[in-house]
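In order, the protein sequence lines correspond to chains A and B. For the first sequence, position 233 (counting from the first letter as 1) is numbered 233 according to the numbering used here, and the numbering increases by one without interruption. Add 1000 to a position in the second sequence, counting from 1, and you land on the number used in the numbering used here.
Calculated directly from the structure, the hints in this document are not laboratory data. Quick caveat: nothing in here was measured; it's all calculated off a predicted structure. Warning: the hint list may mix true and false statements.
Stated by the list, open to error - Quick list of in silico lysine to any residue cross-link-like pairs, SDA-like style, CA-CA up to 25 angstroms:
(1) Lys1044/B to Pro10/A
(2) Lys1044/B to Leu14/A
(3) Lys81/A to Ser45/A
(4) Lys268/A to Ala98/A
(5) Lys268/A to Gly226/A
(6) Lys1044/B to Gln8/A
(7) Lys1044/B to Arg9/A
(8) Lys214/A to Ala179/A
(9) Lys81/A to Gly59/A
(10) Lys1044/B to Thr119/A
(11) Lys1044/B to Leu13/A
(12) Lys1044/B to Gly15/A
(13) Lys268/A to Glu117/A
As the list claims (entries may be wrong) - Rough simulated footprint, nothing fancy, chain B against chain A, three-plus residues with beta-carbon under 8 angstroms:
(14) 52-64
(15) 122-133
(16) 139-147
(17) 189-201
(18) 235-242
Every residue, glycine too, gets a C-beta built ideally from N, C-alpha and C.
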Amino acid sequence: MAIADIRQRPGVLLGAAILLHVVLISAQVNTNSGLPILQVVTFGSFSEVQRATSGVIDGVRGLWSGYVALRQVQTENAALKQELQHLQVLLQQERAEAQRADNLRQLLELHERAEIETTAAEVIAGPASPDFKTVTIDKGSSEGLQTDMAVISSAGVVGRVILPSRRASKVQLLIDRNAAAGALIERTRVQGVVVGVGDGTLRLQYVPGTSDVKTGDLVVTSGIDGIYPKGFVIGTIDHAERGVGEYHEIGVRPAVDFSRLEEVLIVKTPPASRGVTEGPK
Amino acid sequence: MRSAAALAAILIALAAQTTLAGFVFRGGTAIDLVLIVVVYVAIKSGPVTGLLAGTVAGLIQDALASGILGIGGLAKTIVGFLSGVLGSQFIVTAPLPRFLLLLMATALHALIFIGLYELLNLRQFPAPYPYIVGQAFGNAFVGVVAFQLIEWFPGFVDRRRAGRFLKR
Chain A
1 MAIADIRQRP GVLLGAAILL HVVLISAQVN TNSGLPILQV VTFGSFSEVQ RATSGVIDGV
61 RGLWSGYVAL RQVQTENAAL KQELQHLQVL LQQERAEAQR ADNLRQLLEL HERAEIETTA
121 AEVIAGPASP DFKTVTIDKG SSEGLQTDMA VISSAGVVGR VILPSRRASK VQLLIDRNAA
181 AGALIERTRV QGVVVGVGDG TLRLQYVPGT SDVKTGDLVV TSGIDGIYPK GFVIGTIDHA
241 ERGVGEYHEI GVRPAVDFSR LEEVLIVKTP PASRGVTEGP K
Chain B
1001 MRSAAALAAI LIALAAQTTL AGFVFRGGTA IDLVLIVVVY VAIKSGPVTG LLAGTVAGLI
1061 QDALASGILG IGGLAKTIVG FLSGVLGSQF IVTAPLPRFL LLLMATALHA LIFIGLYELL
1121 NLRQFPAPYP YIVGQAFGNA FVGVVAFQLI EWFPGFVDRR RAGRFLKR
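Can you make the complete structure from the sequences, with help from the hints?
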């Protein structure tokens, strides 16, 4: 009876719904108590649905491409791709380490080498809303993943873990509007901050207008943010203009193709224990 | 029964949004499948069901995304309600009115969503208009095609069954 009465008064129901939402939004905006419990619980349970859906889709795709279309070649190709990905990451690591070794030699400081411990994960879902650039991966806190762990791929930096549940984690991509990373231009070693624009591109901010910046320059992580290890590729400079203020306006094309992200590596080594992987102390 | 069907449609849209949308709409096209379902439920079932569908879908989507819980919910609640009102006041069975309704619904949703984030200084949306226009046309096109398919399919199955029966 009561439900029927409410249905006869949609205006009252709309008012109540709006009030509920306003109270809900206010409660979150005014507090800094970390992640809302509802968000964690919803994400944790729905990630299982995403895992199942992704499993079914992967199964169908795998059945088609692995057996129906190309029986042997697809399997071999997948293995080679995985190997290539690992090698590309190692190459990036070596490249970054070589650069750092030069710097360290100049400073006559010799630190012990510290390996970056990574774990591979598969992307099982994309963003729930097109306004947020996030993905869900199939590894969570049970595999040792924590908030703010860096996520990389063979091409470069992908993003960071923002919400680990037990068996899945949400990763904020570097192209999200709220994402940022300490960066430097590899050729000139000028530092800045890379931020996501939201349309799939990046912007390099706080680069002094007097510094030398060219289109095509490689932008790598600087390591000062304490999340991303130093020397990993972010992208290349797409355009650079002398800004109105004292800084350049620089657009960066990401090295990673975020629309084709399937497998990623999570850097499990905490920033404080990365040793040489961090910038010079 | 109708509420259960609406809830199932929302969950399917969410699963499709998070798993299939990335494969189908490569290149950053921001189709909001959940919003399309909310509008469909609203024009089929009226403002109250549209409102409830919008609230549920928006809150779940907010919880799964990394934003503020309630902003997407509020946007979808209002869109669901107004779509239901329009659906009950006007005839929106032809593709063109549905296309226009989806265009307006997406624009209103983006206005509330982006407006609240900007108002509360939580996220910056530099030059949002091309993005909104692209999303509105994308949603409208995908929505109209999906609506037509959903309504065409049961009739198609019935006709096939009738055809087989007559052949015998």
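Going through the hints against the structure:
no.	hint	in the structure
1	Lys1044/B to Pro10/A	holds, 16 angstroms
2	Lys1044/B to Leu14/A	holds, 18 angstroms
3	Lys81/A to Ser45/A	violated, 32 angstroms
4	Lys268/A to Ala98/A	holds, 22 angstroms
5	Lys268/A to Gly226/A	holds, 13 angstroms
6	Lys1044/B to Gln8/A	holds, 17 angstroms
7	Lys1044/B to Arg9/A	holds, 18 angstroms
8	Lys214/A to Ala179/A	holds, 24 angstroms
9	Lys81/A to Gly59/A	holds, 19 angstroms
10	Lys1044/B to Thr119/A	violated, 48 angstroms
11	Lys1044/B to Leu13/A	holds, 19 angstroms
12	Lys1044/B to Gly15/A	holds, 22 angstroms
13	Lys268/A to Glu117/A	holds, 5 angstroms
14	52-64	holds (count 3)
15	122-133	holds (count 9)
16	139-147	violated (count 0)
17	189-201	holds (count 4)
18	235-242	violated (count 0)
Consistency with the previously given hints fails for numbers 3, 10, 16, 18, ordered from lowest to highest.
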